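These protein sequence lines are chains H and W, in that order.
Numbered per the working numbering, the first sequence finishes at 254, counting up by one with no gaps.
Numbered per the working numbering, the second sequence finishes at 1319, counting up by one with no gaps.
Keep in mind that the hints are not guaranteed to be accurate.
To be verified - In silico DSBU-like pairs for lysine-lysine, Cα to Cα no more than 35 Å straight-line: (1) W:K1261 x H:K167; (2) H:K167 x H:K198; (3) W:K1139 x H:K198; (4) H:K85 x H:K198; (5) W:K1139 x W:K1120; (6) W:K1230 x W:K1261; (7) W:K1140 x W:K1120; (8) W:K1261 x H:K85; (9) H:K85 x W:K1240; (10) W:K1261 x W:K1120; (11) H:K85 x W:K1139; (12) W:K1120 x W:K1041; (13) W:K1034 x W:K1240; (14) W:K1152 x W:K1120; (15) W:K1041 x W:K1261; (16) W:K1034 x W:K1261; (17) H:K85 x W:K1034; (18) H:K85 x W:K1041; (19) W:K1034 x W:K1152; (20) W:K1230 x W:K1152.
Claimed, not checked - Computed footprint of chain H on chain W; a stretch qualifies when at least three of its residues, placed anywhere within it, have a C-beta under 8 Å from a C-beta of chain H: (21) 1065 to 1076; (22) 1100 to 1106; (23) 1134 to 1141.
Stated by the list, open to error - Short derived list, chain H residues pointing at chain W, Cβ under 8 Å: (24) N3; (25) R5; (26) A6; (27) F13; (28) Y91; (29) E92; (30) P97; (31) P100; (32) S223.
It should be emphasised that the hints constitute simulated quantities derived from the structure, not laboratory data.
Everything numeric in this text was worked out from a predicted model, so none of it was measured.
Each residue gets a CB set at the ideal place from its N, CA and C atoms; glycine is no exception.
The lines below spell out each chain.
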Amino acid sequence: MINHRAIRAIYLFEMNRTWRTVLQSIVSPVLSTSLYFIVFGAAIGSRINAVEGVDYGAFLVPGLIMLTLLQQSISNAAFGIYFPKFSGTIYEMLSAPVSPLEVIAGYVGAAASKAIMIGLIILVTSTVFVEVRIAHPVWMLAFLVLTAVTFSLFGFIIGIWADGFEKLQIIPMLIVTPLTFLGGSFYSISMLPPLWQKITMFNPVVYLISGFRWSFYEVSDVSLAVSVGITLFILLCCLTVVTWVFRTGYKLKH
Amino acid sequence: MQNASQTVAADSADTIISINDLGKTYDSGFTALKNVNLAIKRGEIFALLGPNGAGKTTLIGIICGIVRASSGSVTVDGNDIVRDYRAARAAIGLVPQELATDTWETVWATVNFSRGLFGKAPDAAYIEHILRALSLWEKKDNRILTLSGGMKRRVMIAKALSHEPRVLFLDEPTAGVDVELRQDMWQVVHGLREQGVTIILTTHYIEEAEEMADRIGIINHGELMLVERKQALISKLGRKQLTLHLAEPLAEVPAALAEFKLERAHDGYDLLYTYDTQNESTGIGPLLDAVDNAGIRVRDLNTSQSSLEEIFVSLVRRK
């Protein structure tokens, strides 16, 4: 039987942390993303040609949401599980009658919820600066949820792996952020030279942004099926690693 | 005295924790536990004594699910801690040695979180009861950050009790706690025992074990050296001492009394005779006869027994 009360307790505990630090957790990412809209959308964007028939300011919106979504999903989940390890309160989680799946549901659920919430706030905020239309709202939400859950799982893995605050930041800063910037957040892949177009296809974030942008403007760098497939593949990889972590007790149990 | 290696930790109606051939070797190669067998009885207070690094915390960690056993098995209330981990863990409350708390949470929130984590429905009245019993009620809305070390320790006990466990592990619960708080805590422990909660504690304050425990286990180098009822342990292992208070002081012990290996004390006014209660003859009768024959006048006499601490130190050193 599922310990739904434990999932709820972990979820609410993590969400309470968000409300307690609302400036840092919500206002800060929304504000910094809004600056992108002002600088690249309203100011510089007005002098840039439309990309694949979409105004540059509007073209940026899905990419910037995805950029924030990835960063927030990873950092929320990583910090959520790392901090109990750091403070020692993880003993309670390990000694409680909860399954690994329930622990993941609580932490990843909260991290994904928060990231989705921020993504939606940014979406609403963007309408102040640029004209946004959403061609496929269900697909848009599906991509939002799927990406948030996948990268929250990824963040959860980082949080378990990390044994210091520096390690907690290394992968998001040195790998995820560059991949996101180079994954088509600010441009269409078709705008790159042919060689770079080929190299870029090894970047998994390209597929996430492409699918998400398609749900807005029906323009994409790769087909919808490929985008969904790659996202699900990353999700499966993360689930496999998390299952292994709990099965072996890696960095959790001696 | 039960030799721990011969103890059969059989499951029975009055056994709540059964530990069988439990072993633990860490990845570093350090063996923390060697074939430990132990049966904890329902409703008892069991004190686990041992020097630092003896294996106490590892043993508790395995039972509670924090550390993986290398060999052997453990059941809690008949539930295997690996196969039936939910049922086994639901029965256990743990107060670890380290002060680990959710710094920014309030007392109320963190105790309720623990209850939820263990799958229990919210019960504000019960949480209030615990907080009042631990003198935490006035602090329920305080952030843990603002509490003293002793109060944080109480919060950890409240968290461990939040899901109404049948077994409570207290790993050095009074370390760093002042005398008043310590006494309060032991009152709570007594109260829990009266409610039928089984309590397993480790402590460095041997007088606590002496005062509180029903049974005592001594562990050293990962081996359970003995398990015995406290009083039986003291009487069986304890060396007794007979003190003869003399009417006049002796400058030295007379040669006629040499066989008794007496010690002089209090400037020769006392003669101390140490004997073993387990021996067939304590030697007291012959000693008193020899003293009388030597013309030594005895004003008074009394006997005293080794404390648990002396027994513990002697056992650990012997090993």
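These are the hints, each one checked on the structure:
Taking the CA atoms of K1261 (chain W) and K167 (chain H), the gap is about 67 Å. The hint is violated against a cut of 35 Å. At roughly 31 Å between alpha-carbon atoms, K167 (chain H) and K198 (chain H) fall within 35 Å of each other, so this suggested pair holds. A distance of roughly 62 Å separates the Cα atoms of K1139 (chain W) and K198 (chain H); the hinted pair therefore is violated under the 35 Å criterion. Of the supplied pair hints, the one linking K85 (chain H) and K198 (chain H) is violated, its CA atoms being roughly 41 Å apart against a limit of 35 Å.
In summary, the hint linking K1139 (chain W) to K1120 (chain W) is supported, as the alpha carbons are separated by about 23 Å, within the 35 Å threshold. Taking the CA atoms of K1230 (chain W) and K1261 (chain W), the gap is about 29 Å. The hint holds against a cut of 35 Å. As the CA atoms of K1140 (chain W) and K1120 (chain W) are separated by approximately 20 Å, the hinted pair is consistent with the 35 Å bound. For the suggested pair K1261 (chain W) and K85 (chain H), the alpha carbons sit about 58 Å apart, so the restraint of at most 35 Å is broken.
Between K85 (chain H) and K1240 (chain W) the CA atoms are separated by roughly 50 Å; this puts the pair beyond 35 Å, and the hint is violated. Straight-line distance between C-alpha atoms of K1261 (chain W) and K1120 (chain W) comes to about 64 Å, which puts the hinted pair past the 35 Å bound. With a C-alpha separation of about 26 Å, the suggested pair K85 (chain H) and K1139 (chain W) falls inside the 35 Å cut-off, and the hint holds. For the hint pairing K1120 (chain W) with K1041 (chain W), the CA-to-CA distance comes to about 25 Å; that is within 35 Å, so the pair holds.
Taking the CA atoms of K1034 (chain W) and K1240 (chain W), the gap is near 33 Å; set against the 35 Å cutoff, the hint holds. The suggested pairing of K1152 (chain W) with K1120 (chain W) holds, with an alpha-carbon distance near 23 Å, which does not exceed 35 Å. The straight-line distance between the Cα atoms of K1041 (chain W) and K1261 (chain W) is roughly 42 Å, outside the 35 Å bound, and the hint therefore fails. Straight-line distance between C-alpha atoms of K1034 (chain W) and K1261 (chain W) comes to about 39 Å, which puts the hinted pair past the 35 Å bound.
About 28 Å separates the Cα atoms of K85 (chain H) and K1034 (chain W), which keeps this hinted pair within 35 Å; it holds. A threshold of 35 Å between alpha carbons decides the hint, and for K85 (chain H) with K1041 (chain W) the separation of about 33 Å falls inside it, so the pair holds. For the proposed pair K1034 (chain W) and K1152 (chain W), the alpha carbon gap of about 34 Å is at most 35 Å, so the pair holds. With a CA separation close to 31 Å, the supplied pair K1230 (chain W) and K1152 (chain W) stays within the 35 Å bound.
Counting residues of the region 1065 to 1076 of chain W whose C-beta lies closer than 8 Å to any C-beta of chain H gives 4; at least three are required, and the coverage claim holds. Taking a C-beta to C-beta cut-off of 8 Å, the region 1100 to 1106 of chain W contributes 6 residues in contact with chain H, enough for the three needed, and the coverage statement holds. Check result for the region 1134 to 1141 of chain W against chain H: violated, 0 residues qualifying (beta carbon to beta carbon below 8 Å, three or more required). This hint holds: N3 (chain H) has a C-beta 4 Å from the nearest C-beta of chain W, less than the 8 Å allowed.
Look at R5 (chain H): its Cβ gets to within about 5 Å of chain W, closer than 8 Å, so that hint holds up. For A6 (chain H), the interface hint holds, since its Cβ comes within 8 Å of a Cβ in chain W; the closest pair sits about 5 Å apart. Here the hint on F13 (chain H) is kept, as its CB sits about 5 Å from the closest CB of chain W, short of 8 Å. Contact between Y91 (chain H) and chain W, as hinted, is supported at the beta carbon level, the nearest pair being about 5 Å apart and thus within 8 Å.
Hint on E92 (chain H) holds. Least Cβ distance to chain W is approximately 6 Å, under the 8 Å limit. Given hint, P97 (chain H) at the interface with chain W, holds; its Cβ is 4 Å from that chain's nearest Cβ, closer than 8 Å. With its C-beta approaching chain W no nearer than about 11 Å, P100 (chain H) sits outside the 8 Å limit, and its interface hint is violated. Contact between S223 (chain H) and chain W, as hinted, is not supported at the beta carbon level, the nearest pair being about 44 Å apart and thus beyond 8 Å.
Checked against the numbered hints listed earlier, the structure breaks hints 1, 3, 4, 8, 9, 10, 15, 16, 23, 31 and 32; every other hint is satisfied.
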